[in-house]
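Protein chains: 4
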Amino acid sequence: MKNTFGESVSVTIFGESHGIMIGAVLDGLASGIEVDEDFIASQMDLRKSVGALSTARREADKVRIISGVFNGKTTGTPITFIIENNDTRSKDYGELAYKARPGHADYTAQMKYHGFQDFRGGGHFSGRITAGLVASGAVVIKALRKKGIYIGTHILTCAGVRDRDFNNLTDDINTLNSLDFAVLDENSKSAMTEKIEQAKRNGDSVGGTLETVVTGFPAGIGEPWFDTIEGVLAHILFSVPAVKGVEFGDGFGITEKFGSTANDAYCTENGKVCTKTNHNGGVLGGITNGMPIVFRTAVKPTPSIYKEQETIDLNTMQETTLQIKGRHDPAIVHRARVVIDSVTALVLCDQLALRYGTDWLAE
Amino acid sequence: MKNTFGESVSVTIFGESHGIMIGAVLDGLASGIEVDEDFIASQMDLRKSVGALSTARREADKVRIISGVFNGKTTGTPITFIIENNDTRSKDYGELAYKARPGHADYTAQMKYHGFQDFRGGGHFSGRITAGLVASGAVVIKALRKKGIYIGTHILTCAGVRDRDFNNLTDDINTLNSLDFAVLDENSKSAMTEKIEQAKRNGDSVGGTLETVVTGFPAGIGEPWFDTIEGVLAHILFSVPAVKGVEFGDGFGITEKFGSTANDAYCTENGKVCTKTNHNGGVLGGITNGMPIVFRTAVKPTPSIYKEQETIDLNTMQETTLQIKGRHDPAIVHRARVVIDSVTALVLCDQLALRYGTDWLAE
Amino acid sequence: MKNTFGESVSVTIFGESHGIMIGAVLDGLASGIEVDEDFIASQMDLRKSVGALSTARREADKVRIISGVFNGKTTGTPITFIIENNDTRSKDYGELAYKARPGHADYTAQMKYHGFQDFRGGGHFSGRITAGLVASGAVVIKALRKKGIYIGTHILTCAGVRDRDFNNLTDDINTLNSLDFAVLDENSKSAMTEKIEQAKRNGDSVGGTLETVVTGFPAGIGEPWFDTIEGVLAHILFSVPAVKGVEFGDGFGITEKFGSTANDAYCTENGKVCTKTNHNGGVLGGITNGMPIVFRTAVKPTPSIYKEQETIDLNTMQETTLQIKGRHDPAIVHRARVVIDSVTALVLCDQLALRYGTDWLAE
Amino acid sequence: MKNTFGESVSVTIFGESHGIMIGAVLDGLASGIEVDEDFIASQMDLRKSVGALSTARREADKVRIISGVFNGKTTGTPITFIIENNDTRSKDYGELAYKARPGHADYTAQMKYHGFQDFRGGGHFSGRITAGLVASGAVVIKALRKKGIYIGTHILTCAGVRDRDFNNLTDDINTLNSLDFAVLDENSKSAMTEKIEQAKRNGDSVGGTLETVVTGFPAGIGEPWFDTIEGVLAHILFSVPAVKGVEFGDGFGITEKFGSTANDAYCTENGKVCTKTNHNGGVLGGITNGMPIVFRTAVKPTPSIYKEQETIDLNTMQETTLQIKGRHDPAIVHRARVVIDSVTALVLCDQLALRYGTDWLAE
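Top line first, the protein sequences correspond to chains A, B, C and D. Just so we're aligned: the first sequence equals residues 0 to 362 in numbering that gives the first Met the number 0. Just so we're aligned: the second sequence equals residues 0 to 362 in numbering that gives the first Met the number 0. Just so we're aligned: the third sequence equals residues 0 to 362 in numbering that gives the first Met the number 0. Just so we're aligned: the fourth sequence equals residues 0 to 362 in numbering that gives the first Met the number 0.
The hints are simulated quantities; they were obtained by calculation from the structure and are not laboratory data. Beta carbons: idealized from backbone N, C-alpha and C, even for Gly.
List time: in silico DSSO-like cross-link candidates among lysine-lysine, alpha-carbon distance up to 27 Å:
1. C:K61 x A:K61
2. B:K306 x A:K275
3. C:K324 x C:K199
4. D:K61 x D:K47
5. A:K146 x A:K72
6. B:K256 x A:K47
7. D:K306 x D:K47
8. B:K199 x A:K275
9. C:K194 x D:K256
10. D:K275 x C:K306
11. B:K47 x A:K256
12. A:K275 x B:K324
13. D:K47 x C:K256
14. D:K324 x C:K275
15. D:K271 x C:K306
16. B:K275 x A:K199
17. C:K145 x C:K271
18. A:K47 x A:K199
19. C:K256 x D:K199
Facing chain A, according to a computed beta carbon distance under 10 Å, are these residues of chain C, among others:
20. N2
21. S7
22. E15
23. G18
24. I21
25. I64
26. T74
27. P77
28. I78
29. T79
30. Y112
31. H113
32. Q116
33. F118
34. G122
35. T357
Extracted from the complex, chain A is given alone in its bound form (with noise of 0.2 Å):
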């Protein structure tokens, strides 16, 4: 299916960067989950992100909920959201509507829909529709720490600063989720901001790496093919915009250890099993074996930037150059961040109710 994801839980989302409104549709949660809206509006802040660092444009992103919360708890019946568009400054996209941005999908927008999509902002390819993935996200992430199961993601490297490791799980989760430029280190964020300021300064931008974790969640969880947890986390992520790479565990750096330092011995710790190392990220044969999930997503420099560029003119398909003016974003990968946790909520959340069932997560 096309803009749906999950099977039990699921998710749809609509909408355009300069349309009327975007939004989401979110089915098959559980009854009677509570739905707090000061959450859902600051996760939606931490999608907005920090002052000169990110998109100049403005957006209140006020969240309705139209369908599927009662008395202020979920009904079991689809959750719709839905934010206006209000500040589109469409003219400054005037010669994109037939110039492909390199990097960006103007042109297999073009390949696919014929030039009938709607190409102001990147239309519906706009990191702007990922409001309503965060604002889903918001009432699962909710949903998911009541039932002890938490979601922390740090930016671990950008523009070749590297954060500090995880270290105390619970500690770094709880200060990563109060914080609008996720670090662990304080002086990773300095650090970090002032290449991204430089890029801007040279009319270009960087990318980074973000690194999740994920706690509290139970063993047993996944399919040995096909819907391995790694490969339906993988699937969605690699929607959020940008994102050109996924690993669990040591990922890639696996791939040069031997088998003796890869293999994670297992231990009892309080009569539970858990692992000595977590080199495989809480998954094998695809199950969740009750350690972290931990893995990482490659966010690739922001695509629009200010310096000319080599590209097509989509109506002759002749070359031409670009220069692309109005505001954008030097970095997004401490913008991605929020979009990350949320729909690693929502997968895990559809993994949990095709387990546990529909039920689960409310009682």
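Place chains B, C and D on chain A using the hints.
Chains B, C and D only, in chain A's frame:
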């Protein structure tokens, strides 16, 4: 769905390592596609792999097609492949009935299936189950070639040795598809096999990285959200046993670039739009741009090693140690290659059928 | 999936009778299809229906398209329809918060949603939710007509009155699509409405049978198993509130025939293969044969009646009696007509897209 | 998806009437469920059916389970059933290679598969393919009974003879499940078989109606839209060859009632909520209400008859006549019974797994 993947063209796999038969049902393929049983057999041979490097287990791996093929061509109805399990020395695995092998799915299977799983030889988690994917893949690989779409994978790195990069894609793919140890530089083979054999002598194992290229694939295929080409490929790639990471184009490496160096400038060549570089691996906004699709997968070291390991007893959930006996591979990265080609072909066929209709592949 | 239906072309519906908004997301439709908002409005009017026969509730039912349409044409990305709920006199429904209306979903909703459902006006179970299906259907009905595919439904029986059979299909479909009370014989309307009004005067309600015909639909569409044309149509037809039976061709009547009279003999007409009779309703082995697709749906009497009924209190699960107040329809069969046309069009579009590819409908 | 049905519990079927093997893959079933091969065999016998009434074709129909069962219990991974085709007198079908049998799928198969289909004995369209459904169904029917859920189907009408109605459901279901010709009144059998044999003597065939009852099924299962219990059951019921109609509760008969007589009044019995009547067949708003699920299916007369018929030549698409030789059934309604029980059980298991989780059935 659990052991079924794909929408218009789908594959269902079944079987256990030491059960009666394993196999697959390949459904949704256009009618009238030639089925070349010799090619299927040769692809199956690639999975079995080479000499001293791999498992001592000897399976004829004779694939029988029991439905869906009539007069040498696909009927359009489900094609079922079955493969008998002959050489199953279950006695070697006695101890594994209750001791979890680190790095394997024994413990997670126990948590999911409550002890009812067929534990012998890894049961349904065995790499042997990929045989059904390879048989299915062989049919579609052949069909894609008739449409000018070619897939090639080489071992980019193994045990610290790095193969040369792709050069002339057409020639390189041709070469790779005739090799049982798929490297572009002959010297890589000897260097890698030496490392593998050394690991074996140490009772240990090694991993590696596979790099895949798809040429001739049309632009405009894939979805902007969820069913991105990257997402659907990654989804199934994480089913290939031991895969812990997937990256497209420059992947994690792209995070260290600037936007100005990461963006692929457009140009025209013989009237056809292309890009001067391919840092995005042929996919932008989830949709193909007509450039080669390029991705890499990380394959962890085989978890079965001879060295003694710390683990738990699945009956008592108490700590114990394990010394794995029986035959096992010091590396599987070279065997994973044909599986990756196969699942790639299956996913791409599905995407083409969704886009162009069910009959396109046979036209 | 729960509130989403369809594979290549899908629809997601949301909302509650007395919530803020209801609507639908129509996804997967080809880009470049004209969207005629006047036609959508006129289809919505058919759903509201006529004079004294139907609910006194007055909704403007103004459909807003908030995504997926650009310059009057589909973009190929999700089309979202929203409709505000204005005239919701919730006070009329006070008692229904705890008394289950017989024939309605109040009790089953309680068992599924544990009391968290929005009970007002039937909540998500309300017939009002079909408005999203009608809006979505209007877009595809128009597109199908451009392809020469026409859908027409008449009230075959209502309260014991039987309309005449289809005669000249082209003319009859034309006629039906201009009527708000869809009967082929004008006299049927007066006879049926008289019966409906009489039932209303008795504080009671009546049901009826709808007969649908689809012309111009190509042969060779559908699957031999599971996704038979009959199966996928029936699947969604049973979502139309109050439908309790679906039959194709001669349906239950065919069971009284002999094979020799039930089989449709083949012949050729103007070089085109057809059948002399159409007892099988245009579908054989789950696949269309190019003859008109014919089916009938049974619509039960509206469960909301004024007469006192025996029921239970949902809080205490004890017996009680119920006297429903507020406005309700003495019949809905005439209003169900446009919903059936709409879901039929949605299913057929999906089947065509699966078979011929995503772009065929706009070509 | 094409030959796969179900979400959490799914079945995939494959094979052709005169191919090497037919079979099914049953996936998603909880681990630890007892698999009774004798019961499977006895269910398979019901499909073959009785004496002179049915096809002269003799198949041992020995079901082999080649995966997914270990030590007599389900492993939780795919269960694969294969059945060899032995007695296939393909020579009888020579002429059918090019003449379309009226009432059969020969012509529609040609339009869908372009002549590549295996035409012998109906190929993949053959009723024989239901054997895989019956084998799969046998496993889940047994498992449902352990949960107190019982399914029974009788031949309500055949060739104008009507069986008595259900009376004591528990006793009636018990009786039916021990009969090879499933009627509640012994006299119905002789009257029906007489009519069937008479039709056979005339070179003709007859149809009938099956009525199914499910007891012990919990309330609160199903969805308000799309995946209504009625919709998902009807979806698969129309796959049972020759089914042309499905109705729930009073079905088409309910359209002739008033709301006051069609509504099922609620009451309590031994502290349990129930309804005084069951005109709605146990489903309201798509969701079960705890009353018996009741539905009827219309089975058309076997299309294979000895009488000469008008048809077309599939090679030339010109008119011709056809005299079918070989063995065929003068009725299949009695054989369809066990198929309907089987698919009903498969759908209900899937719904229970979606609702209560994957392990519930084995708990």
